[in-house]
Amino acid sequence: MSTTALPTRPVGDRVTRPSDDRNRPVEDRIAGLLDHLADLPAGHPRREALRADVISAALPMADRLARRFAHRGEALEDLVQVARVALVRCVDGYDATRGPGFTAYAVPCIAGELKRHFRDRAWSVRVPRRLQETRLELNQAVGLLGQRLGRTPTVTDLAGYLGLSEDDVRAGRDCAAAYTAVSLQSPVDSGAELGDLLGAEDRELEVVETRESLRPLLARLSGRERRILALRFGEDLTQSEIADRVALSQMHVSRLLRGALDQLRTWMATGGYA
Numbered sequence: 113m114s115t116t117a118l119p120t121r122p123v124g125d126r127v128t129r130p131s132d133d134r135n136r137p138v139e140d141r142i143a144g145l146l147d148h149l150a151d152l153p154a155g156h157p158r159r160e161a162l163r164a165d166v167i168s169a170a171l172p173m174a175d176r177l178a179r180r181f182a183h184r185g186e187a188l189e190d191l192v193q194v195a196r197v198a199l200v201r202c203v204d205g206y207d208a209t210r211g212p213g214f215t216a217y218a219v220p221c222i223a224g225e226l227k228r229h230f231r232d233r234a235w236s237v238r239v240p241r242r243l244q245e246t247r248l249e250l251n252q253a254v255g256l257l258g259q260r261l262g263r264t265p266t267v268t269d270l271a272g273y274l275g276l277s278e279d280d281v282r283a284g285r286d287c288a289a290a291y292t293a294v295s296l297q298s299p300v301d302s303g304a305e306l307g308d309l310l311g312a313e314d315r316e317l318e319v320v321e322t323r324e325s326l327r328p329l330l331a332r333l334s335g336r337e338r339r340i341l342a343l344r345f346g347e348d349l350t351q352s353e354i355a356d357r358v359a360l361s362q363m364h365v366s367r368l369l370r371g372a373l374d375q376l377r378t379w380m381a382t383g384g385y386a
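When you line the sequence shown up against the numbering used here, it's residues 113 to 386, in that order.
Among the clues, some could well be false.
To be verified - Now the in silico label distances, taken between C-beta atoms and shown as ranges:
| hint | residue 1 | residue 2 | range |
| --- | --- | --- | --- |
| 1 | Ala-164 | Thr-264 | 37 to 47 angstroms |
| 2 | Val-254 | Asp-147 | 13 to 23 angstroms |
| 3 | Leu-330 | Asp-279 | 41 to 51 angstroms |
| 4 | Gln-193 | Leu-256 | 31 to 41 angstroms |
| 5 | Arg-263 | Pro-220 | 16 to 26 angstroms |
| 6 | Gly-255 | Asp-190 | 48 to 58 angstroms |
| 7 | Pro-328 | Arg-357 | 54 to 64 angstroms |
| 8 | Leu-261 | Arg-282 | 12 to 22 angstroms |
| 9 | Thr-268 | Asp-147 | 55 to 65 angstroms |
| 10 | Leu-256 | Arg-315 | 41 to 51 angstroms |
| 11 | Arg-282 | Arg-357 | 51 to 61 angstroms |
| 12 | Pro-299 | Pro-328 | 45 to 55 angstroms |
| 13 | Gly-383 | Ala-304 | 37 to 47 angstroms |
Bear in mind the hints are in silico, worked out from the structure with no lab data behind them. Given the structure is predicted, the values throughout are model-derived calculations rather than measurements. No residue lacks a Cβ here, since even glycine has one placed at the ideal position from N, Cα and C.
Make the full structure from the sequences, and use the hints.
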């Protein structure tokens with residue numbers, strides 16, 4: 113079967129091969145503008161106008177590339193800005209005597225800048241690049257292995273397929289939660305806010321064992337001593353306030369309180385057998 117070669121167009125000393133005939137008018141215009149721009153010496157008064165024309169003609173291409181990366185959690189306006197800035201750099205850095213035509217040069221450069229934006233700027237919590245790359249590998253491996261195995265691949269499956277340790281696979285999978293953040297004020301099904309459901313460290317748990325050990329020891333104190341301890345540490349009263357409650361002098365309360373505490377410390381140190 114004979115094949116028909118795509119037409120080629122000489123541009124200076126280079127030859128370009130169009131990938132889509134529908135883009136030829138735009139590509140031809142950009143190529144012509146770049147040829148004129150290359151022929152002008154530095155500082156020529158027409159250079160800035162020609163440069164602006166090249167950028168304007170290539171903007172739809174940059175915007176199309178930005179839309180390819182939409183629906184990934186980033187605002188389209190931000191992606192368009194990244195793509196357009198990358199386009200300007202491509203126009204300024206393009207050398208017609210080296211490599212392919214402008215479109216073949218600019219498309220991978222702009223796409224690369226968009227990918228770098230997601231890698232470096234779009235994460236809510238910054239994670240090491242190694243984990244970001246592991247996450248991307250996992251996303252691809254899950255689909256491939258799932259088809260091959262006929263089931264959801266396990267951590268062991270993924271580790272063997274990618275040549276990673278199981279800990280690295282878990283870390284790469286867990287870092288996906290760092291990509292987007294959820295406000296603590298976000299409502300949940302129960303009507304409460306997410307922040308209301310988050311646990312916090314309970315300081316009281318640290319003294320549970322001590323309290324349980326003290327319980328039988330407190331029973332060995334006199335009733336007056338237990339009441340003074342309850343007023344001091346339960347109701348947080350001062351010794352003067354306790355003295356008024358139990359009809360004793362403050363000095364007597366102080367002596368009873370100190371004696372009860374010393375006795376409890378001794379019992380605690382000896383297991384309650386002193």
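Going through the hints against the structure:
no. : hint                                   : result
1   : Ala-164 to Thr-264: 37 to 47 angstroms : 53 angstroms, violated
2   : Val-254 to Asp-147: 13 to 23 angstroms : 48 angstroms, violated
3   : Leu-330 to Asp-279: 41 to 51 angstroms : 48 angstroms, holds
4   : Gln-193 to Leu-256: 31 to 41 angstroms : 34 angstroms, holds
5   : Arg-263 to Pro-220: 16 to 26 angstroms : 37 angstroms, violated
6   : Gly-255 to Asp-190: 48 to 58 angstroms : 28 angstroms, violated
7   : Pro-328 to Arg-357: 54 to 64 angstroms : 26 angstroms, violated
8   : Leu-261 to Arg-282: 12 to 22 angstroms : 19 angstroms, holds
9   : Thr-268 to Asp-147: 55 to 65 angstroms : 58 angstroms, holds
10  : Leu-256 to Arg-315: 41 to 51 angstroms : 49 angstroms, holds
11  : Arg-282 to Arg-357: 51 to 61 angstroms : 59 angstroms, holds
12  : Pro-299 to Pro-328: 45 to 55 angstroms : 47 angstroms, holds
13  : Gly-383 to Ala-304: 37 to 47 angstroms : 46 angstroms, holds
The structure does not agree with the numbered hints 1, 2, 5, 6, 7 stated previously, though it agrees with the rest.
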